[in-house]
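Participant: What follows is each chain in one-letter form.
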Amino acid sequence: MTTVLDPTSETAPATRERARRPESLAGLTVGLLDISKPRGNVFLDRVSERLTGLGATVNRYAKPAFSKPAPVDLRHEIATTCDAVIEALAD
Amino acid sequence: MSSDLPPPPLPDGLVAVVKRVCPTCELVAPVLSDLHERAGLTVITQDDPHFPAEADWVHHDDDLAISWHHGIEVVPTLLRVVEGSEYRRTVGWSRSEWEQFTGLAGLGEGLPGWRPGCGSLSVDPAHAEELAVRFSASGLSSRRVETASLEDEWEAMWDRGWSDGLPVVPPVEARVLRLLEGTTRDPSEIVAAVPPALVDCSVEKVAVNAVLAGCAPEHLPVVIAAVEAACTDEFNMHGVLATTMSVGPVLVVNGPVAGRIGMNSGINALGQGNRANSTIGRALQLVVRNVGGGRPGGVDRATFGSPAKVGFCFAEDEAGSPWTSLAESRGWRADQSTVTVFAGESPRIFADEKSRSPESLTRHLAQALQATVSPRMMLGMDAMLVLSPDHMARYADAGWSRDRFMDELSAELLCDADELLAGVRGVAAGLPPAAAGRKVPKFRPGGLLVAHAGGPAGLFSAIVGGWANGPRGSDAVTREITP
Numbered sequence: 001m002t003t004v005l006d007p008t009s010e011t012a013p014a015t016r017e018r019a020r021r022p023e024s025l026a027g028l029t030v031g032l033l034d035i036s037k038p039r040g041n042v043f044l045d046r047v048s049e050r051l052t053g054l055g056a057t058v059n060r061y062a063k064p065a066f067s068k069p070a071p072v073d074l075r076h077e078i079a080t081t082c083d084a085v086i087e088a089l090a091d
Numbered sequence: 092m093s094s095d096l097p098p099p100p101l102p103d104g105l106v107a108v109v110k111r112v113c114p115t116c117e118l119v120a121p122v123l124s125d126l127h128e129r130a131g132l133t134v135i136t137q138d139d140p141h142f143p144a145e146a147d148w149v150h151h152d153d154d155l156a157i158s159w160h161h162g163i164e165v166v167p168t169l170l171r172v173v174e175g176s177e178y179r180r181t182v183g184w185s186r187s188e189w190e191q192f193t194g195l196a197g198l199g200e201g202l203p204g205w206r207p208g209c210g211s212l213s214v215d216p217a218h219a220e221e222l223a224v225r226f227s228a229s230g231l232s233s234r235r236v237e238t239a240s241l242e243d244e245w246e247a248m249w250d251r252g253w254s255d256g257l258p259v260v261p262p263v264e265a266r267v268l269r270l271l272e273g274t275t276r277d278p279s280e281i282v283a284a285v286p287p288a289l290v291d292c293s294v295e296k297v298a299v300n301a302v303l304a305g306c307a308p309e310h311l312p313v314v315i316a317a318v319e320a321a322c323t324d325e326f327n328m329h330g331v332l333a334t335t336m337s338v339g340p341v342l343v344v345n346g347p348v349a350g351r352i353g354m355n356s357g358i359n360a361l362g363q364g365n366r367a368n369s370t371i372g373r374a375l376q377l378v379v380r381n382v383g384g385g386r387p388g389g390v391d392r393a394t395f396g397s398p399a400k401v402g403f404c405f406a407e408d409e410a411g412s413p414w415t416s417l418a419e420s421r422g423w424r425a426d427q428s429t430v431t432v433f434a435g436e437s438p439r440i441f442a443d444e445k446s447r448s449p450e451s452l453t454r455h456l457a458q459a460l461q462a463t464v465s466p467r468m469m470l471g472m473d474a475m476l477v478l479s480p481d482h483m484a485r486y487a488d489a490g491w492s493r494d495r496f497m498d499e500l501s502a503e504l505l506c507d508a509d510e511l512l513a514g515v516r517g518v519a520a521g522l523p524p525a526a527a528g529r530k531v532p533k534f535r536p537g538g539l540l541v542a543h544a545g546g547p548a549g550l551f552s553a554i555v556g557g558w559a560n561g562p563r564g565s566d567a568v569t570r571e572i573t574p
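Top to bottom, those sequences are chains A and D.
So the first sequence is numbered by the numbering used here: it starts at 1 and just counts up by one.
So the second sequence is numbered by the numbering used here: it starts at 92 and just counts up by one.
Treat the hints with care, since some could be wrong.
Under 7 Å between C-beta atoms, here's a sample of chain A residues computed to sit facing chain D [what the hints assert, rightly or not]:
#, residue
1, 2
2, 6
3, 8
4, 9
5, 10
6, 13
Computed far set for chain D versus chain A, every beta-carbon distance over 10 Å [as the list claims (entries may be wrong)]:
#, residue
7, 129
8, 140
9, 202
10, 230
11, 276
12, 307
13, 337
14, 442
15, 480
16, 497
17, 507
18, 526
19, 530
20, 560
Quick caveat, the hints were computed from the structure, so don't treat them as lab data.
C-beta atoms are modelled at their ideal positions from N, C-alpha and C, and glycine is treated no differently.
Bound-form chain A, shown alone:
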């Protein structure tokens, strides 16, 4: 962790703003990232069904290993092809 001095006019919050939340999922592409813990796929299968029912297109992704951050190309692919992403964190 590094502490730096803000070079800006400080009129925006110091914490990074979260991406804007969509009003509706209809017509959007939603990525489902399976972190590859056991049975995460079962949970995401059901989430996928529900999202499809709401009119979303679902793309499925999986991390190679739950213990490591998603590889940069996977994050890039999700960021450039999806409007929203849901990551299954739990066992």
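Given chain A, put chain D in place with the hints provided.
Facilitator: The following block gives chain D in isolation, referenced to the frame of chain A:
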């Protein structure tokens, strides 16, 4: 993080601040014990906690808080403290001074009468910056932003939008304090209201952005003067930013400061490779981006932009020029350091390898300058001409002064309006019919800035096209660079 705690108090009476690795402190160790016995001396040791003795009158200044807060620069320092306040001090070892200071005779029998001290650990370059950050509560008022533990600090600068697209140096407090050493101005002093948001920008904010840009402390006064110059109504940084034309602030540094901070006025002066040239112009642009909020696609609407908008700054080669400098032509003295800011494009090259007379070269230059922005655009835009040493030699050999050159060039730049009327030769753009039959100058008086720079070989000069001039556009502005 800065501490808001009050400075640690000194014990009353005689106090000596020492460190074991100082030979003078080692030498006077017996005197310290003697003074404790006879006068109740307290010792503050900076390194070895048991120097000169393992005793309750020896205190370890392990975080150097006492030394830093009480301005100890030399060890040993002997202090007389009365009711928590320092009354007097003496530094180094001098028997006569210590005897007078303590009122005790016979100190340090057998020791040399005098030895200089050593530097205090609290001013050791290895610690001084860190201590200043830790203890000074540093007087810097910028918001502290913590990057996350898994965040790469270089990526974090980019993610927060603070970069022009190239890597920036993370502005940690120690670096900002170090940069501020380059100026005598107070960090809180307001330099200018920076467009487009017209936010008051302090010396400190300039320094934070100068750190981002990669500046060294000695560059800071130039950056401050450039910010002052760019944020004037005359220069109109807002307009320079907002225009669809691809101009940005072009900085020309004149006077003694250029050599002092190692600026390049020679080979590749308008290019990369010199830290001052590369970072000073960039620092100004980062101030506009970060403090003023001027970003491409936001208020910056340039159709193309140009590589020069990352930062364009060079020094005039005054020593190699037979002429008065650009700054002198604008009313400044040769012994003053100045920065001139001009709204300009990237430089383009004018080649003339044949002219052997100043008249021929001047005529040819006029033809090239006539095409600046558009050959049909007259008077509305300024330009900067950077003459190379090889071209300047034509004028030096013929004994032409700057004034002679400007007069002759202006005459060559007086064009027949009939050639430039709208519709002539099938081009819709041009002068209005009312101009028919007249002579029209390309540039308004003072609208062509001429400087001398570049490497010693090459029969080229550089033309920097400008932007709309006058009250609705931008006028070049020169400011003095002060410490």
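Participant: Failing hints, ascending?
Facilitator: As far as the earlier hints go, only 6 is violated by this structure.
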